[in-house]
Amino acid sequence: MGAIEAELAVLDWREKELSEITSQVVDALPRLKQDLNDLAMAAGKANLVVKTPKLGRDVDKIVAEWSQAELQVALGRARVDLEVVIKSDTFDVVRSGGMKEDLLSAFPALAGVGMIGASLAAVPALVAYATITTTTLLVFTTSSISWPILGIGAVVLGGTALAGGKSIDRTISKRREALAASLEALADENVLGIGKAPNADCILSRIQAAVLREAEAIIREEMV
Amino acid sequence: MYLRALPPELIDGVGSGAFKVAGSIIKNTSNGQIVGHLQETGAMDIVLKGATGVATGNPLAMADTAAGVGTLVQNEQIKARLTEVQSSLSLVQGMQVANLAVAGLGIGVSIAGFALMLKKMKGIETQIRDIDSKIEAVTDERRNDELQTVMSDIRNDLTIVDTLPSRKNKATAAETAQRELARSAGRLEGVFRRDVEAMERNHATREGIERLWNVSSMIRLCHEAGQRALFTIDDVKLAAEYSERQAESLLRLAEGVSADALTRSYAAAGGSADDFVARRADILPASAALHKALTGSVTAITAQADLARRLDESGAKGSLYLKELDEETREPLLFLPATAE
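These protein sequence lines are chains A and B, in that order.
Residue numbering for the first sequence follows my numbering, beginning at 1 and increasing consecutively.
Residue numbering for the second sequence follows my numbering, beginning at 1 and increasing consecutively.
Bound-form chain A, shown alone:
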């Protein structure tokens, strides 16, 4: 009975964390969009007249920093909540009652929420809690999360294209808006998975996967 109670406690913890991570990421998404919008507004004219703006590195940096910040918030909250579960009477019973293996053997199933399976596969299994670093946990780059190349279509401009002129300015302004809209749509797609299959990899799933991976490592270490 003790092992089932402990598994239920971990399951409730899992549900709480997954839901809170989703809320957190949804709440933080406007900040990411604002940063991406700022990037589009600051993009040089040269980037707005080519078919594929060379902004990948800048986008990577913004997305990676935002993702890492959100991951750290999620991990911090999850650790505190898990600590409460691990220190409970239920876990004491498991520890002292020779039921450690029952709980540990259940963990792959506890962590294996099908919908984030692709993201779990992208986050390395951790041997021990101590080995966790932000770099081993997640690497967010435009390529690693299938952030598409930012294509906004080439525009044929005359020789004065880069020199200015009202008509050209209007064109550049429209292309800037198109770039901003494109970045916003890509943020929705790659952060929340909007427009993708429910089980496709996305940043939200990766943060959830990383939290579950760390929880598994913490519980394994606690049970040794």
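Misleading hints may appear alongside valid ones.
To be verified - Per the computed footprint, the stretches of chain B lying under chain A, defined by three or more beta-carbons under 8 Å from a beta-carbon of chain A, are:
hint, region
1, 1-7
2, 200-214
3, 247-256
4, 273-284
Since the hints were derived computationally from the structure, they do not count as laboratory data.
We put the beta carbon where it would ideally sit given N, CA and C, even for glycine.
Got chain A sorted already, so can you dock chain B onto it with the hints?
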């Protein structure tokens, strides 16, 4: 007599935090030791009627008028109002009450009579047909034919269990019915898993989530009926083993489905982040209720296993235990001490 009135000091102890309730189990908070079990009785029905003002008279009957997720919301309302009715019922406050409409409050051995179980079964069948008719494209993944077959089998087995008292060879009939009900529960678990997997590949729908709730209700119904059959023939030892296995099996099922994942699967079908937020808020209560129903069932059935184990160890007869529950007309909750005094 196996059961007794709830000691006032126990009620006070739960209120003060000295004791805590998990499923039907009351534990001493300081050392984690089991003090005893709560057991709902036939009088619970009367209290529920009074607490809710529902004229149907039995929680099972309520399911016929309420949709699956709606029933869960109703469960919460009933639970909240129960605490106002009688001091002993304050013990159920905070308890995860799973599938109230199927199995009473799920505190101890089920008090639901089989005529009402059959009625509930019919309600679930109607509801599943209604849900499926709303789903435009019924894919192979849904395997509705299989579900209809399983429901038909369960109905037959419930009828057998219902007629146990008048059968010559009760033991064989009860064991066979229980075995078949367990098999049906296993097939329903397969349906449940396939539905969840389909929602991971394609976006979840409200109807799909309600269907999951109904399938989980039927699994619980199979368990309650099977357990009661074993109590009827005094095989409480087997009832304990059966409950342990069922709790384990339901736990695996609960692990495989995440309320957040279902919610996200539904929410991401919108075209923008704003749609995502609105759709998430819309479906979250239903997904959370499903999770709560599953884990609540695991807790309740785990406690039932412990209760049956204790009855077996004390040499109690399951049939007499059931008789006590059925005949009690005053106290909605009784107490089974952990140790004989």
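Checklist entry - Going back to the hint list, which numbers does this structure go against? => result 1
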